[in-house]
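Colleague: Sequence:
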Amino acid sequence: MRGVVSFMNAEDRLVAVLTEHGEYTVIGIMEEAALSVGDTITGPLEALDHQILENETRGTRLSVYVEDFELSEQDARAKLG
1 MRGVVSFMNA
11 EDRLVAVLTE
21 HGEYTVIGIM
31 EEAALSVGDT
41 ITGPLEALDH
51 QILENETRGT
61 RLSVYVEDFE
71 LSEQDARAKL
81 G
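Once you know that position 8 of the sequence shown is 8 in this note's numbering, the rest is easy, because the numbers rise by one and skip nothing.
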């Protein structure tokens, strides 16, 4: 699945990704990784728990924890605080 980083809470290392289905996935970044709003992310964005995602924009891999998926923008923003 493909998505675009839409907004972030850098302090808590949480990211909301707008998926190709028009819903949001909230991920927690588990390692230092260059990630910015607008980056294209691919991988299992609708599978909870630890996942490895690809940042197509930067050509890197990310170790993340998928917190929740299939969220509205309002729900995703609430999760990010």
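Derived from the structure by calculation, the hints contain no laboratory data.
Please note that the accuracy of each hint is not assured.
List time: in silico EDC-like cross-link candidates among lysine to aspartate or glutamate, alpha-carbon distance up to 20 angstroms [unchecked claim]:
no., residue 1, residue 2
1, K79, E67
2, K79, E23
3, K79, D68
4, K79, E46
5, K79, E56
6, K79, D12
7, K79, E11
Using C-beta positions, here's what the derived DEER-type ranges look like [to be verified]:
no., residue 1, residue 2, range
8, Q74, E32, 28 to 34 angstroms
9, A47, S72, 25 to 31 angstroms
10, L48, A78, 27 to 33 angstroms
11, Q74, I52, 24 to 30 angstroms
12, E70, E32, 25 to 31 angstroms
13, Q74, A34, 23 to 29 angstroms
14, E31, S72, 18 to 24 angstroms
15, Q74, E31, 18 to 24 angstroms
Glycine included, C-beta positions come from ideal geometry on N, C-alpha and C.
Colleague: Now tell me if each hint is right for this structure.
Modeller: Now the hints, each set against the structure:
no. : hint                           : result
1   : K79 to E67                     : 9 angstroms, holds
2   : K79 to E23                     : 14 angstroms, holds
3   : K79 to D68                     : 9 angstroms, holds
4   : K79 to E46                     : 16 angstroms, holds
5   : K79 to E56                     : 25 angstroms, violated
6   : K79 to D12                     : 11 angstroms, holds
7   : K79 to E11                     : 13 angstroms, holds
8   : Q74 to E32: 28 to 34 angstroms : 30 angstroms, holds
9   : A47 to S72: 25 to 31 angstroms : 19 angstroms, violated
10  : L48 to A78: 27 to 33 angstroms : 18 angstroms, violated
11  : Q74 to I52: 24 to 30 angstroms : 29 angstroms, holds
12  : E70 to E32: 25 to 31 angstroms : 28 angstroms, holds
13  : Q74 to A34: 23 to 29 angstroms : 28 angstroms, holds
14  : E31 to S72: 18 to 24 angstroms : 28 angstroms, violated
15  : Q74 to E31: 18 to 24 angstroms : 29 angstroms, violated
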